[in-house]
Amino acid sequence: MVNNKDHICWGAANPNHLPHELRVRGLCATYPRAAQPTLAKLNFSIHCGHTLAVMGPNGAGKSTLLNVLAGLMSSTNGKVLWDGKALHQTRREVAWLPQRNQVDLSFPITVRELVEMGRYPALGPWRAAGEHDATIVDKAMRTLSIADLQQRQILELSGGQLQRVFLARALAQEAHILLLDEPFTGLDAPGANALGKLLGELAHEGRLVIASYHDVDHAACYFDYALLLREGKQIDFGPCTQILTRNNLQSTYS
Amino acid sequence: MKDFLQYLAEPIAMRTLWTCVVIGFVDGYVSALVVLRRSSLQIGAVSCALLPGIALGILLFGLGQWSALVGAVVAGLLVGLSSLFVARSSALHHDAALSIIHSAAFALGYMILVRLGLQQKVDDWLFGNIMSMSFADLCVAYGVGVVALLGLTIFKRPLLLWLFDARMAASLGLPTRSISYAVYALIVLALVSSLQAVGALLTLGLLVAPGGIMRLLTNRASTMFWGGGCLGAGCSVLAFFVSYPLNLHLGATIILLLGAIFCVAWLLRKKE
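In order, the protein sequence lines correspond to chains A and B. Heads up, the first sequence is in the working numbering, so the first residue is 1 and it goes up one at a time. Heads up, the second sequence is in the working numbering, so the first residue is 255 and it goes up one at a time.
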């Protein structure tokens, strides 16, 4: 799905440098008025170039973790570090991809205008977009094969198309961390395969893709790493091939 | 007709006409924000809740332009924010909380105004009386207009991002809660500035219809703002020229004209 002829290394890992690293240390988060912490002492680190599935039953804290990483919710304890510095100091590095029902689909906005929103963090509130920004937006749209949709209103798009538009916005933002909440929900098998392949390609270009995910059987097909959560506690973290064991899945889901 | 030409020569006619232009434009411009924010019903409730503010303002500071206006602003902010607070701190949904609070406030306001012997005035507050607007009212409308135009132009980019995708705005560190309060305050100010012209009940029409009509005709947010402003101003001026010769209520004529244009726009709308 990624157009390879027009491949651009969006901050792809330079072989001479260490890839960027996300390090989570003792992370705790609690909703206001909740008795128990929603996330309790999570510890993991992962490099760019990988895809991470955050897994667990409902209420395990998957969305909470994504919210904390996105800066939508503050942690009560612990640290989230990006290359050793607090992640919330470099907000532009994080791109949050909304679910279809989280945005106002009747909003009057074209695909191109939506992708251009990705340039807002770099431009600030007032600076006008220049040629450089237009080039980045064009490339992002071509990478996700949505260039021919650019003048369409978002209301006219299918679910899969809309998801690609939001991914293009994340690329235009030049963010290294892509956060997706339940991106596979509602996709049929070919759609899920295409999305899994696409996320893998985006990650291997030097980004870190983190998504909440449900399906134990297919996790290893779409993701390199998995984080297993249950009631906010970390059951295990590691490469899918190693940690999706019968034991681990039993302690996570039953 | 002769009467009308004579009336036009009077200074009060010019002032009324100017009031129509300014209020129509400001409310029309802000109406795009109300439509995009999807808060039309909420604003309707708040506009009714302005009545007790006016009543209390008059009760405390005597009958006057400023006491009524200040009372209205305070009531609008208080009702909106308290309903938000009730909703956040209980299982009740925001619209239910707002409905209860605004109808109770409306009843209280009506009671106070009747007790004060201002029945005649009640009609003016509910349906507006553009002819009775003073120069000070016009200045308030100008002021709100300038704030709205400058604010929405300067902060267009963060505002559109917040309207469309509040989560992305928050994740980029924009102060989304402050933005939502500021937008709410701006809408209440627009509401209050047109209160005397079209009244607490009819002002909702002027604060929703122009933006709504433009949404049917355009797919561009900025066109909704400017088009809404021009539509609001144009309709108000047209209503001014129609209502006097036909002896119609000016405020009601403005809203009715907007309603008619809405019907036409719906027929001509871009099919989705």
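For the record, the hints were derived by calculation from the structure and aren't laboratory data. Even for Gly, the Cβ is constructed at its ideal location relative to N, Cα and C. A hint or two may mislead.
[Said to hold, decoys possible] Here are the simulated SDA-like pairs of lysine to any residue, each with C-alpha atoms no more than 20 Å apart in a straight line:
1. K410/B <-> A129/A
2. K410/B <-> C484/B
3. K410/B <-> T110/A
4. K410/B <-> G130/A
[Said to hold, decoys possible] Here chain B is said to cover these stretches of chain A; the calculated rule only asks that three of the stretch's residues, wherever they fall, bring their Cβ under 8 Å from a Cβ of chain B:
5. 34-43
6. 68-75
7. 96-110
Hints and how they fare:
1. K410/B <-> A129/A: Satisfied, since the Cα-Cα distance of roughly 14 Å is no more than 20 Å.
2. K410/B <-> C484/B: Cα-Cα ~19 Å, so holds.
3. K410/B <-> T110/A: holds (17 Å)
4. K410/B <-> G130/A: holds (18 Å)
5. 34-43: With 0 residues closer than 8 Å to chain B, the region 34-43 of chain A misses the three-residue bar; violated.
6. 68-75: This one holds; 3 residues, not fewer than the three required, reach chain B with a Cβ under 8 Å.
7. 96-110: Holds, because 9 residues of the region 96-110 of chain A bring their Cβ atoms closer than 8 Å to Cβ atoms of chain B.
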